[in-house]
Amino acid sequence: MHEDDREQSHEELWKSQEEESMRISTDEVCAMARRWERKNVPVYWVLLGLTALSVAAYLRGLIKLLMNSPAPWLIAGNVWMLALCCYVGWTLRRGPLKMAPAGPCLEFLRRGYEVQRRTLLGVRWGVVLFAPAIVALWWGGAPVLAAKNLFAFWKEAQKVDREIERLDRE
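Under the numbering used here, the letters of the sequence shown match residues 45 to 214, in that order.
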């Protein structure tokens with residue numbers, strides 16, 4: 045009996061929502077479009093900057109690997125990651141989405157949501173393409189190399205501590 049009352053109240057709520065129509069004024073749509081446009085510009089520049097930094101970091105890593113060690117898995121992983129970062133940079137070539145001065149706000153919002161949808165689907169593929177690079181870097185021993193570097197920093201810090209102690213004694 046209690047279950048029937050709850051089900052009936054859910055059904056009434058659903059029917060009442062069905063009868064309501066959502067109306068948005070043209071001013072509200074234009075305000076949403078302007079907020080969307082203002083938000084997109086800094087997001088675009090941050091993403092472009094992070095992409096450029098990633099390209100620089102992987103290029104630097106690749107150059108160091110080519111000069112120091114013939115580790116094919118590490119080189120392959122770095123090349124793969126560099127290619128993915130360049131692809132992301134290539135997709136950003138159009139710049140942030142901007143409203144046309146005479147264009148309708150609703151059309152701008154539609155385009156914005158379509159770009160967002162394509163971007164989210166692209167991220168899904170990016171994750172799939174990201175996996176081989178991670179496997180190659182893992183297989184090539186990148187985590188081991190990172191651990192060695194951290195251990196080397198720790199050892200250097202200990203040497204500096206000993207020098208400080210020696211100076212304090214004198």
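Heads up, some of the hints might be wrong.
[Unchecked claim] Pairs of lysine-lysine, DSS-like flavour, derived with a Cα cap of 30 angstroms:
no.	residue 1	residue 2
1	83	203
2	142	83
3	199	108
Since the hints were made in silico from the structure, they are not lab data.
| request: Provide an ascending list of the numbers of those earlier hints which the structure does not satisfy. | output: Violated hint (a single one): 1; every other hint is consistent with the structure.
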